[in-house]
Structures are given as C-alpha cells and as structure tokens.
Amino acid sequence: MNVKMTKRSCPVQRRPLSFWLAVLVLLLVFLSCAALALGPARLSVANVLQAILGSTPLGKRFFPGEIDPLTQKILFELRLPRIILAILVGAALAVAGVVFQGLFRNPLADPYILGASSGAAFGAAIALVSGSRLLLFGLGARPLFAFAGTLLTTVLVYRITGKSGRSSITTLLLAGIAVSAFISALTTLLLYFYQEELGRVIFWTLGGFSYTRWGEVQVVLPYLISGFALAYRYVRELNLLLLGEEKAHQLGLDVVRLQRSLLFAASLLVAAAVSVAGTIGFVGLVVPHVMRLLLGPDHRSLLPLSALAGGVFLLAADTLARMLLAPVELPVGILTSFVGGPFFLYLLRNNRRIMH
Amino acid sequence: MVISNSSTGAGKYPLVIRDQFGRPVMINSLPQRIVSGSPGNTELLFALGLGERVVGVTDWCDFPPAAKSKARIGSIAPLNIEKVLSLRPDLVLACNLNGKEPVEKLTELGVPTFALNPVSFVEIIEAVSLVGQITGQEEQAAELAATFTRTLDQVKQKGQTMGRPMKVFIAIGDDLQDLWTAGRGTFLDEAVALCGGENIAAGLGFSWGRLGMEYILKMDPDLILTELDPQVFLADPFFRALTAGRKRQIYQIDVDLFSRPGPRLLEALNELVQIFEQVAR
Chain A
1 MNVKMTKRSC
11 PVQRRPLSFW
21 LAVLVLLLVF
31 LSCAALALGP
41 ARLSVANVLQ
51 AILGSTPLGK
61 RFFPGEIDPL
71 TQKILFELRL
81 PRIILAILVG
91 AALAVAGVVF
101 QGLFRNPLAD
111 PYILGASSGA
121 AFGAAIALVS
131 GSRLLLFGLG
141 ARPLFAFAGT
151 LLTTVLVYRI
161 TGKSGRSSIT
171 TLLLAGIAVS
181 AFISALTTLL
191 LYFYQEELGR
201 VIFWTLGGFS
211 YTRWGEVQVV
221 LPYLISGFAL
231 AYRYVRELNL
241 LLLGEEKAHQ
251 LGLDVVRLQR
261 SLLFAASLLV
271 AAAVSVAGTI
281 GFVGLVVPHV
291 MRLLLGPDHR
301 SLLPLSALAG
311 GVFLLAADTL
321 ARMLLAPVEL
331 PVGILTSFVG
341 GPFFLYLLRN
351 NRRIMH
Chain B
357 MVISNSSTGA
367 GKYPLVIRDQ
377 FGRPVMINSL
387 PQRIVSGSPG
397 NTELLFALGL
407 GERVVGVTDW
417 CDFPPAAKSK
427 ARIGSIAPLN
437 IEKVLSLRPD
447 LVLACNLNGK
457 EPVEKLTELG
467 VPTFALNPVS
477 FVEIIEAVSL
487 VGQITGQEEQ
497 AAELAATFTR
507 TLDQVKQKGQ
517 TMGRPMKVFI
527 AIGDDLQDLW
537 TAGRGTFLDE
547 AVALCGGENI
557 AAGLGFSWGR
567 LGMEYILKMD
577 PDLILTELDP
587 QVFLADPFFR
597 ALTAGRKRQI
607 YQIDVDLFSR
617 PGPRLLEALN
627 ELVQIFEQVA
637 R
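Here the protein sequences line up with chains A and B, keeping their order. Per the working numbering, residue 1 is the first one in the first sequence, and the count goes up by one each step. Per the working numbering, residue 357 is the first one in the second sequence, and the count goes up by one each step.
Chain A residues, not near chain B, derived (Cβ > 12 Å throughout):
#: 1; residue: A46
#: 2; residue: A248
#: 3; residue: Q259
#: 4; residue: V290
Partner residues aside, some chain A positions facing chain B, computed with beta carbon under 8 Å:
#: 5; residue: P40
#: 6; residue: L70
#: 7; residue: Q195
#: 8; residue: Y211
#: 9; residue: E329
To be clear, the hints were calculated from the coordinates, so they are not data collected in a lab. We put the CB at the ideal spot given by N, CA and C, even for glycine.
Required output: the full structure, derived from the provided sequences and hints.
This is how it looks when you write it as structure tokens:
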C-alpha cells in the first residue's frame, strides 16, 4: 500500500536531490538570519552587524567599534541557542516520523499520534516533579526519564499493532490514541498532586523554546547524534521494509532486530526533543510526507533531507510563535498543529480512497 | 525620598540576600530599573513607593492604575526573557508564578533576579521586608509589614472569639456547573482559618480542586464564599437546601485579590472578617 501510495502521490517530474538540498539549505540559512534579526527587542542593524562581525578577528578590521553588550547577549545567549535548538528538535521529530512510518509501514505514524510524545512528556514530568537534578553519566535526568517513557509507549503501541504484520491504520490510530490517553491521564494525575509544578508541566504539554539555554543544547546533543546515527545506519533496511516484513525476511533481513534498533533510535530522538521542547505535534507527520512527495520513498535521501526540512519547519514555526503576538509568546505546538491537523485529515482522506 | 534612601543605602551595596527560592542573589547597587514578573509583585513595588523605578510589568498588572502606563513584558509564564532584557533592568522581581527556569536564565544572563514565593501570610510579611531591603525602602517596608502583622493579629483575635467554627465552602468559578475550590496552601484557605472558619476542602490534599456534590452535601457548609451573585446559589435547589442556603449565608468575595500576594490582601482579609462577624451576629 505504501508503495502504491507513494507512486500515486509522486509528481510527474521529480527534481534531482541536489536541487532540494540546495533549496532547503538556503531556506535554513535565510530563516536563521531572519530569526536572529527579529524579536521583541528592536536591535539596530548597526549593533547587530557590529556584534556578529566584530567578534571575529577578520571582521574586527572592518568593524572596530564597541560591541553593545545587550545586543550581544540577546543575539548569542537568547536567539542563537533557541534557533539551534528549534532546528535540532525539528530535525529529530521529522527523522523520528520517517522511522516510525517506515517501521509501522503506515503513513499516519508520527511521534505525537503514536503516543511517544505523551510518554516522553510523562517521563519528563516525573523527573520534574521529583525535583531530580541528578546526572547519570553526564546526561540529564529529564531526557533520561523522557526516554524511558517514550520507549515504553512505543513498544506498547508496536506490540499492540505489530502482531498482524503490516499494521492497519485503524489499529494503529486506536492503539496510539488509547495509549496516549492513558499516559496523558497519568500526567494529569501527577499534576493534580503536584500543583506547584503545574506551570512547568503544562509547558511540556504545550511545547516551546522560551527558556532555551546553551546547557540544554548540550544535554540533548548526545541523544540526538546517536539517534540520527543509528537511524541513518538502517536506511537501506528501511527501504527493504517497504516491501513488507516477509519479503524483507526472505531477503535475509533480521527483521526483529531491525525493528528493535529502529524503535530505540526513534525513541532517543523523540525523548531528546520532548525533554527540552515539550510535546510538539505533527512535525514528524507533515515533514516526511512533503519530502516523500518531493523525493520519493528512498530512505537514503528521505531521511537526511527530512531532518533538514524538519529544522526549517520548526524554526519557521518558532519564529512565528515569538513574533505574532510579541511580547506574548505562543506555544509553538499550537502553530505546528494548525498546519499539521488539517494535513493529517487530508492524508486520512486520501488513504481511505486507496484502501476502498 | 529617593535621595535619602540612596544616601542611607549607599554603603550597603553590593548586597547578597537569599530570595524565597532559597538562592543567594547579589544586588550590586540601589536598583533603579525594576521589572516586575507578576501583578502581586507590581502592587507590592508600588505600595513601597517604588512606582517610579518600575520600568516593566506583565500584561496582567492592572493595579494601581499607574502600573498600566509602564512598558509591557507580555505574559507571566512564559516570561519573555528577551523583552525583559531589552528594558535593561538592574532588578527583576520574579515570583513562583514565573517558574524557576526564567529566574535561572535571567541570572545566567547577568540580570539580578530576585524571586518571591509567598504562599502564606507570614511569607508575605517576609517578602515585604526582603523587597524593602534590596530596594533600599526599609522604612516603607517595615511600615507595611507592621500593618500586615497588626491586621493578622486583629483578624486572628476576632476569629478566636467567633465561637463554634463555621464550615465554609469556597466556591470559585463563574458558573454553578464549573465550581472549583481552594484547599491548603492557598491564601483563601488560610484567611478562612484565621477568621475562625473551617474550610471543608482543607486537608483533602490539593490546593485547587473540585468537590463532589455529595461531599458538599455531607459537609453541609454554614457559609458559602463565592465570586458569583449569591442569588445564583439561592435559585438552585441543591444549594438552597444546605444550611448556608437556608440561613442565606452566601457572600460574594473578590477571589482575584486573594490570588495576588500583595498589599491588597489586607483589604480582602478585612472584608472577609466582616462577613464572618455579620454571620456570627
């Protein structure tokens, strides 16, 4: 079905990979510059240029003036870490989406819909409520707990859905909804008993980058890198899985091991993303689908370019979230869901037509 | 006045003081540009005569009226760090409503950030004198703290003479179908106890929650405190049948005042004790 679907939705003329790579990189650079320049604190262009160029040895020759300390702080300690984290989290969610969709061989799989995000939020909430600041092997408690929560939920959904070989859309959605609802109920219960942490936990359920610090970028980086690396190692196997579990098995693939590794990789990515940014919906759904339309189903290009596009998408959403009602900041999850909700319905509708 | 403060306070800066999150905060000089992180903080700053030195308030800071003309920093949570920073504050007065993250982040950025976390009347008095110390308004703070202590004592005294404790149901919300109540750890609960009342939601393990109708019926409150028009309760057969309903002991209070740990809590407390006296008569 997946193969059929991608065929159907594949445009007649497909542009080469390098074209989209260039487009995405340009977009990312342009958006990053825009996000660096825009914000509720109106910084003068001269000060911004001075702060950016004046801090390099070469640029200092052309911009020998004093660097405004406020401009420098806003640029390098507020906007820059936020931009980088938004890109990383967007990339992580998009790649997790690609992996989940390949693994479940289901176009509607997404960290948010599968309940993986709620699992991560629950884990992060426990870490928060228990006030634990413990570091295990230099890794923060929050991503670690989030990882445990994610792994638990995804394995659960996978067990429920995966029994029948290729998961039917109904089973997947229902399992995702049920597990997600259950986990969310646990989070709510936790909230009820730890009301003083309410504000902070609600932050996780809405998602956002308001308080991004370099420390957070550092804490999640090992999770993200290992998640990306592990997922990328299996791009060929993901392609084989497109043929179906049985075919893949006949072609000599250790399907069970592959599935385990992929679940592990996707969980790493989701946990890292959620532990710093909360549950942000639909990035893992919208981005891989658009990229599949543009590039086709080959995971060797789909995976890295989805990462890039995920970064672009979430950075754009976060910049809007910062700017739309400034100085009030919107939770970025609201904006991604505005795009993602309708897109999800569109996919659901298209899928029905194919199935019947 | 400011001159006399800076002259008396000049020698004591830099100053290191522990805030109500338990963090030591370094104040380098007499704060001249203060950003407030909550309506309660804003009211406190103005009450201590610091209105002139406040340069930024949240969108929710509507009292005193002069606060409305200050620069807006957006919502209480999430706090817009960039907006706060752009006002070049030398003191951010944060509170528990802002959460710990922005306090840490601002401190990291080199902005002296002092957090208040008053969840009881005693802690408010403490907050008043802390803010007095860091801003050099010790006299005003001492005066306000004394008023607080005096009022608390008076209310407590009146409460003790009230006789049999009245069972109180605090009904928050603007609809009978959607009533919330305040439990331990809220000013409403503490105020009711001070006035000699017995909050039926105290000891249920939550600070904000809902009560089942059956529980309310079983506890049969003598007094209902609500944001709504008391007539709404009297028109409802369930509430009319309760002791509070039969005796018409349903009173409107300004819940908003109780959710702002600031100087106006005194007004709210005085109004509440009057209600209790009226009912006791």
